[in-house]
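Asks: Residue numbers (this note's numbering), protein chains in the order written: chain V, 1 to 311; chain F, 1 to 107.
Possibly wrong hints are sitting among the right ones.
[Said to hold, decoys possible] Computed footprint of chain F on chain V; a stretch qualifies when at least three of its residues, placed anywhere within it, have a C-beta under 8 Å from a C-beta of chain F:
1) 53-65
2) 117-124
3) 128-137
[Unchecked claim] Derived PhoX-like pairs: lysine-lysine, alpha-carbon spacing no greater than 20 Å straight-line:
4) K118(V) to K42(F)
5) K83(F) to K118(V)
6) K186(V) to K196(V)
7) K42(F) to K103(F)
8) K280(V) to K205(V)
9) K280(V) to K196(V)
Please keep in mind that the hints were generated in silico from the structure rather than gathered at the bench.
We treat Cβ as the ideally placed atom computed from N, Cα and C, and that holds for glycine.
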Amino acid sequence: MSAYTAEIDPVRRAGRILRWGARWVAVPVLAGVLVSGNIDLRSLPLIGSERETAVLLLDGQAYFGHLDDSGETGTLLLRDVYYFQDAKSGPTGLPVGLVLRGQEAHEPADGMRINRDKVLAIERVRPESAVGQAIAAERALRGTSVPFVSLNRPAIATRDALAPQRSATEQGIQRGFLTAAAQLAKLNELVLPISKSEAQAIMDKASGDLRTVRQSALGAIAQTMRMSASDAEAYVRTTEAQLDRSAFVADAGVLLAPDLNVIVTRATQLYAQVGDGAAKQLTQPKAAPSTPPSPSPAASSRPSATPTARP
Amino acid sequence: MGTQWWDFTVPTLGRADYQAVFLANGQTYFGRYYDRIGAYAKIEDVYYLQQSQGSDTDAAPETKLVRRGRELHSPTARMLVPKSSILFIEDLTDASPIAQFMKQDRS
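Using the sequences provided together with the hints, build the complete structure.
Replies: Have a look at this one:
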């Protein structure tokens, strides 16, 4: 008769192995599968490139920025916010322009709390997208520094990456210039209630004003690009000559960094003011023939030296 | 931030490959819909209908199915939608021309 020994009972041994396996193998494996299958690794902080998010609202507006949404409250927080502004009639070749939030009349502080009930969708912006590149360029233009420790490290464009932005800005300015010049030329073809010499004087003055606007806009680019005074002067001179010389080709539109977009928008407004002023003078008969012609645009419509209008 | 890291989807069996998601603003997205735990649902491989008017203004506008991702911000394939913005969701049958187009476009 042999004594029963629990240690060597095969059923008990199998039970022990199963318990050990469940505790140290099955549970960790299951937990690993569950967690890895349900985490978006690209969304984790400190991993990968910047996480720029697009928040699309029910009213059609889209905001881009760093999203902080714990899901606990009814609002989500968006920081470093950019948004689209209508630019259908603008010379950039795109129907929208990018604007940095914070420069509106009420000068809001950073951090926009959005009611989740008004959100249509949330998407990740690719860094290589037009929006991603324009935002990175804007940070470079503003001299934004990358913090040593950041959960969502902002992407900043290199000097080389700014070149297409600068070129596209110059093209936008030139497109506006050519449009305004063409409109002036059309005006001159009309039957005007003033003499030819008076009309020519007005046209010459308006053409000069258009060039001044373009020059100021190029100066504003140099200033935004943080060029030294001498470099800026050389840049404006050579770029003006290039724009005058080269046959202008309308390239595909580039979404401009907000600070560059402001320059193009302001230049376009001033071109229109110059054109309107000239049209008014050309088409209005003079009250008294003895009065000398007044070819210059009204004082208020004279182009300013620095086209730096805020949206 | 947290809602973006975690991606717990509710498992569903026997559903169609693609769904149509009708939203509160009248827009409809087509794609693979996943019910996530939390405030957001997820749609992957998103398509939407786009209407464009040709040169003939009297003609009916042309409608085409557009794959999301070629917009100015080049969004990734994953879209999160607050559940409060969803009106309803429908499965697309295999015979659906939209489902067939998406399947073909993805292959």
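Asks: Evaluate each hint against the coordinates.
Replies: Going through the hints against the structure:
| no. | hint | verdict |
| --- | --- | --- |
| 1 | 53-65 | holds (count 7) |
| 2 | 117-124 | holds (count 7) |
| 3 | 128-137 | holds (count 5) |
| 4 | K118(V) to K42(F) | holds (17 Å) |
| 5 | K83(F) to K118(V) | holds (11 Å) |
| 6 | K186(V) to K196(V) | holds (15 Å) |
| 7 | K42(F) to K103(F) | holds (19 Å) |
| 8 | K280(V) to K205(V) | holds (13 Å) |
| 9 | K280(V) to K196(V) | holds (16 Å) |
Violated hints for the displayed structure: none, as all numbered hints are satisfied.
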